[in-house]
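Assembly of the complex is requested from the two constituent chains, each provided in isolation within its own frame, with the hints serving as guidance.
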Amino acid sequence: VDPEILQWLRKEMGDCLLATVRTMPAMPVPQSSYEAGRNQYYSTRILKEMLKEVPDDGFKLLGITDKDLCIPILTYVFGEAQLGGTAAIVSLARLRQEFYGVAQDRPLLLTRLRKEALHELGHTFGLIHCTSRECVMYLSNTVVNVDSKGRNFCRHCQLMVSSKTGAGRGQ
Amino acid sequence: MTMEKSVNIMVVDDEEIVRSSLTSWLEEDGYNVEAVESGKKALERLPAKNWDLMLVDLKMPGMDGLQLMEEVRKTHPDMLIIIMTAYATVDTAVKAMKQGAYDYFVKPFNPDDISLTIRKIVDHHKLVQENLYLRKELKKQYKLRDMISKNEKMIEIFDLARTVAKSNSTVLIQGESGTGKELLARAIHDESPRMDAPFISVSCVSLTESLLESELFGHEKGAFTGANSIKRGKLELAQDGTLFLDEIGDISLKLQMDLLRVLEQREFRRVGGSDLIPITSRILAATNRDLKSAIEEGRFRADLYYRLNVISIHIPPLREKREDIPLLVDHFIEKFNIEMGKEIRGVSEEAMKIMIDNDWPGNARELRNVIERAMVVAKGNIITETDISLPSAARGANHRTKSLEEVEKEHIRVVLNENQWNIVRSAQTLEIDRVTLYNKIKKFDLKKEGVTPK
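One line per chain: the protein sequences are F and V, in this order.
With our numbering applied, the first sequence covers 220 to 390.
With our numbering applied, the second sequence covers 6 to 459.
Don't read these hints as lab results, they were simulated from the structure.
Since we're looking at a predicted model, the values are computed, not measured.
In this text, a Cβ means the ideal position worked out from N, Cα and C, and glycines have one as well.
Misleading hints may appear alongside valid ones.
Every beta carbon over 12 angstroms from chain F, so not counted as near; a handful from chain V, in silico [to be verified]:
| hint | residue |
| --- | --- |
| 1 | Ala53 |
| 2 | Asn55 |
| 3 | Gln72 |
| 4 | Met152 |
| 5 | Glu161 |
| 6 | Arg191 |
| 7 | Glu225 |
| 8 | Gly254 |
| 9 | Asp280 |
| 10 | Tyr310 |
| 11 | Lys347 |
| 12 | Arg378 |
| 13 | Val382 |
| 14 | Gly385 |
| 15 | Lys452 |
Facing chain F, according to a computed beta carbon distance under 7 angstroms, are these residues of chain V, among others [as the list claims (entries may be wrong)]:
| hint | residue |
| --- | --- |
| 16 | Ile22 |
| 17 | Val23 |
| 18 | Ser26 |
| 19 | Leu27 |
| 20 | Glu33 |
| 21 | Asp34 |
| 22 | Pro113 |
| 23 | Phe114 |
| 24 | Asn115 |
| 25 | Pro116 |
| 26 | Asp117 |
| 27 | Ser120 |
The shape of chain V in the complex, shown without the other chains (with noise of 0.2 angstroms):
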């Protein structure tokens, strides 16, 4: 074990005697010591090497140590100097001080002394370097409000949401559910200038078509039956704010239409109502459904489509960022130690691996209430294995959204390959005859694929 090798130090001194002695008993230490006899050649040396620290004579012909100091730190602010002097006056030792001298001392130095200085330096010196490498561990992981994540796609995303939150322009975000959709139109709230202002969110697939309509634009007392108030709608509540319409792709073609005619002349009326209220809100609107088939088949306006999609952001699923989910997991397990009053310090590796390898069709807010769930019932600090519970995994399988027939489909297909589709075994297999077995490849316009070997 020897001290850094890394620290540099430069030696300025006129004296030949005092050059020598000083480089080889810091040598001895392990520093790399370099000696010069002027300021000049000091200011010569400045740019050869990452320095950390300087020992300057103060009495020099041409520049003196005072000199040499203001010199340096027009382009080193930050270096650290000491100053020596064979005479002790208080006079130059205050002025070395005030110019931001590290230090001083008088020659010929106490060898304790100096030893404890430049090891305080040398400290420091790690110190500093630590800091700078700590912050370029940070900055790898990137955060957006409350969004974190480390995935180029999302930090492209994040730079994204910031300079479009300068702007007015409708966004529509598209993702599937849970990844986040919500959190990254609050995120380009707070980051507009509209953050003092509120931020409304209306989720579109809760609610029937007159609720919905009612909810966004309000309505008149006794627009209907029930109606006994003036109710202030969304758009109205989210005044110079932010207006978030969620699930955008689930709403009537009816209300698509009242939409986008309001988007275009930036006014709307109550329900039963005939004033025209100007809309000062912004529009995020988001959606998990692919818009683009529903326009193909009839279900989403494409002119409402494309008045939303001025921007468009995509947040790609969880199982395709897969280095975000320990980071997200570190991120619930903080905020719910704060909410739950917990101590939970991670996650085993064996529980890690299992989060890891799940494919998450519920995203983060999934693994969100996996942990929060595992959190309840871990019975330690660190959370295990038997502490998540996921879904069974015939579920990662791709059969949820499935019919029947879907089902009937893959499964022929599969028994037909594993028999080089062989028709006769594979109606054995499937113990039906051989006519069905024909009839069900012609309905479901089964082909034969590449030989899949047995």
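Bound-form chain F, shown alone (with noise of 0.2 angstroms):
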């Protein structure tokens, strides 16, 4: 994945989640949660293996990849987590306008990718999804939906949030 891109989301999570965020190695996609007939990746089992990759130090474990992700039952998702637990996914692929046919914009990716980041991440602290429309935690299935929502917690949310961080440190 684009190191620029990484090192952006890296300074929006720390600011977001007032906790010192740090990035990792790039980490080959376990080429067990390859679904051939789909030509995606079965997300839940990359984030198994992610697990194993979780340093002493690490609270949270955020990966971040341009392959399309799925789970078996559904035909795609955007992204991936544990709920209540220390790791999630969020993929690049379904968040680009060129997969839509549409030319690229950089910048559109980049508020997505941090909406989903941080959807993603609500669902380690807990988090399930959020009847606000103004809330990041508010289910999206589509661009649209990743497009119209909020770009932050809700007051509820970040209160959810706030109380788990305070403990620990972002990785």
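Here's what the structure looks like:
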């Protein structure tokens, strides 16, 4: 994944969660997660592999990939997280305008990535989907939904996250 | 703000990977999800919770999805079931939908489709819950035709009225004026098998003895001066229906005797007539008087009382069921909005407080009149306290029916108590001499009560 994007995201996440964020060396996408018939990667399997890489001082681990993700029952996912767990993953594939046959739009991609990264990390803090459209935890299965929802946590979800970030260091 | 946590979803699929991925995905949405691997297990888990939705795989070893759906329907006919299948065949889809599946999804699902569908189901679930809640709320206020109440005694009365409506027994309805005795009588009629026959009401208080007689029994031509033609009485008019004798406590002893005879023999003659006419109507009677003391005083025949009082219903006065006041206020506003073509939306808090605190000697009828007047004078679409016109507060202090003597006695008693029965001081306050005060005490049979602290 483009290191510039990762660097930008590292700063954004640090500011959002008031935590120290480190970028880890790139990890190969595990071959076991590849779904040949669909040319997609099974995100739950990737999460399992990622868990093995969590450093001792790490609190949460967010993976970013260019690969298109899915779970067996769904045609695609933008990302996946362990609800109340450690690891989360976000795919850039379907956040790119090019995927829908439209001209590339980098600022829009970054905005989407920021939202989805926060969303999946929110799940690792135990948050479930929020009913507020202003909240980044609002359910979004399409880029239209991603674009229309808010950039940050609503007050309630923010409180939930804050109550847990006080204890740990971001990774 | 999180989604409703009370939505229970059961996933039934023989593939572990489907169960786990669907469960974790649905849990992110805040649903309570339980996944089982077979139809048999699903049926076992069915009674454990109030399931809102089942996601059922079509092809499973043993019991398949359609068979499971059939089984579930036997005990849970309203269960919402979504059939999932890896093989999209129109035949099975049609079959599933025909058997009452809510929807049909081909694996893998488009995440947006499935979340929209479940969202729809959850909204539906919320509406159902809300509907149940509202129905329960509605049930708290009971209605009997035009009568409305949440008072326990009244609800018992409504039940009793519905029961007696099916019989032919005479009913005596007692209660202060304005409590709705005639409304109850009409309700009994409307609930009875006689509902299509006439309901005839006679107010016994408003007519002289001879007029009432001809009003009730009718008269032949020439029966008396002015009887130029045959007139059929109310007893005749109420044929097969209900005759309601209001203010029965006010009729003369002679008429009481006539009425008793008629009730016993179930037939009567028109005034001046000779033919016996059978009574086919049901008799309901009402009074605001205390008939028992009227019997003691010889003003009412005991035998007529027992003839009428087969079933006795006593309607409590409004001041004993104040919880009904807001209900009645709304009821009357609604009624007059229609009649007057107005759009009054309600009553201000202060106005409602005044009405709830009032004693309503004229009961619901008085309340109705006050609302009617308030709706005429109200400037906006809310009735405010200035629109409420109640007779002066003194009226509430029970001075209405008292004679001068009663007021005098009460006043002397109050003054004596205030002065701890010191005769000199009490006499001074009353500006009468001691002897007069002694005489009054004797005359009114006043006695020293427990010490009243000053």
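Hints versus structure:
no.	hint	result
1	Ala53	22 angstroms, holds
2	Asn55	20 angstroms, holds
3	Gln72	22 angstroms, holds
4	Met152	43 angstroms, holds
5	Glu161	45 angstroms, holds
6	Arg191	51 angstroms, holds
7	Glu225	81 angstroms, holds
8	Gly254	64 angstroms, holds
9	Asp280	80 angstroms, holds
10	Tyr310	67 angstroms, holds
11	Lys347	40 angstroms, holds
12	Arg378	48 angstroms, holds
13	Val382	46 angstroms, holds
14	Gly385	37 angstroms, holds
15	Lys452	71 angstroms, holds
16	Ile22	5 angstroms, holds
17	Val23	5 angstroms, holds
18	Ser26	4 angstroms, holds
19	Leu27	5 angstroms, holds
20	Glu33	6 angstroms, holds
21	Asp34	5 angstroms, holds
22	Pro113	5 angstroms, holds
23	Phe114	6 angstroms, holds
24	Asn115	5 angstroms, holds
25	Pro116	4 angstroms, holds
26	Asp117	4 angstroms, holds
27	Ser120	6 angstroms, holds
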